[in-house]
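Novice: Residue numbers (the numbering used here), protein chains in the order written: chain A, 667 to 775; chain B, 37 to 150.
Honestly, the hints are just simulated from the structure, not real lab data. Please read all numbers here as calculations on a predicted model, not as lab measurements. Virtual Cβ for every residue (Gly too), placed ideally from N, Cα, C. Fair warning: there could be bad hints in the mix.
[As the list claims (entries may be wrong)] Across the chosen pairs, the derived CB separations fall in these ranges:
#: 1; chain 1: B; residue 1: V118; chain 2: A; residue 2: S733; range: 38 to 48 angstroms
#: 2; chain 1: A; residue 1: S727; chain 2: B; residue 2: A50; range: 47 to 57 angstroms
#: 3; chain 1: B; residue 1: P119; chain 2: A; residue 2: E722; range: 38 to 48 angstroms
Listed below are the residues making up each chain.
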Amino acid sequence: GQNIDQPTEMTATEGAIVQINCTYQTSGFNGLFWYQQHAGEAPTFLSYNVLDGLEEKGRFSSFLSRSKGYSYLLLKELQMKDSASYLCAVSSNDYKLSFGAGTTVTVRA
Amino acid sequence: IAGITQAPTSQILAAGRRMTLRCTQDMRHNAMYWYRQDLGLGLRLIHYSNTAGTTGKGEVPDGYSVSRANTDDFPLTLASAVPSQTSVYFCASSRTSGGADTQYFGPGTRLTVL
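This is chain B alone, in the form it adopts within the complex (with noise of 0.2 angstroms):
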């Protein structure tokens, strides 16, 4: 592994279904955070996670949870999908959460409810 991996790669699920995107990343860093990116909105922030063990809520956290049990993973779950939340989900994580440390990106999930 090499930066940060993101699973799946796309998703089509049901309404009401729960769904976990995984998130991965090996560069020790230890701030992680959730977006969702929506044709003409950009970017917005779900949730963050400064450290291991502490989670943080962001723009948009409704309908969604995170978890940080360790430095490298940090899952989003939907626990009751509807269809707003059809999206591209990206994870992203930086060496600190301090504002001047760089956010790298990983590559993505793309999630259609139906």
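So here's chain A without its partners, still in its complex pose (with noise of 0.2 angstroms):
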């Protein structure tokens, strides 16, 4: 089977910066998701990587080294509105996707 692991639960201050790590083992690889869910709401699409190396989008940035199983998700200028669970993904052989249990990240004042 697959196995995907990331920390449970991270808190930060406002305007920090957070990294979420990621840690995979799986039956081939075709990429890897992150995902934002907040309390009670769908996951919603935050970045994609299949090439090692940092892909920005904002304030968010992932970074994959498929050589190391090894990805993170990095937060920037973290808002309240930033408070919520982040969920590792990674595509196998079978193109389909295996999630991670999800990071909660609380931010406070």
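From these two lone chains plus the hints, build me the complex, please.
Specialist: Here it is in structure tokens:
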């Protein structure tokens, strides 16, 4: 089966930077997704990485190292509205997504 | 309709009852998926459909069935509900079943089986 690990919880202060790590062991690799999920809502797409390196999109950046089975999501200039769960998901050989359990980020004033 | 809709929003169900969760998308996406989300376990794939007329089993298919008679609709049926099926159910769709296509999620159905 697939194995995707990410921390359960993280807390940071408004305006700060938080880095959410994700490690994975999967059968094949066809890309890694990050989703944001606010409490009681649906997951929404944040980023997709298939090649090694950093993808920047405004305040959010995502990094991938395929050789290390590692990714991180970087949230800069944190705002209160960034309080949410962040889900790491890997597309493997069968093109289906396997999700980590999610990291709950709490932003404090 | 814009995107993906699910019905009902929430439901309380007696064990042993049959229940169908509805999912409709208007994006003309070929692929559709059903997930359940449980605390500490993340999203787990129940069933999927790569295109209308085809379905496949995901990670946790037991106790669930699906059909895909057309592009837009992908209902999930619990033939005889059990308490362990208490969960939040999300339907999702993507343009194709290829690994690079983003999946878009519906608002979810919160199901409680007593």
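Novice: Would you mind marking each hint as holding or not holding in the structure?
Specialist: Now the hints, each set against the structure:
no., hint, result
1, B:V118 x A:S733: 38 to 48 angstroms, "43 angstroms, holds"
2, A:S727 x B:A50: 47 to 57 angstroms, "48 angstroms, holds"
3, B:P119 x A:E722: 38 to 48 angstroms, "45 angstroms, holds"
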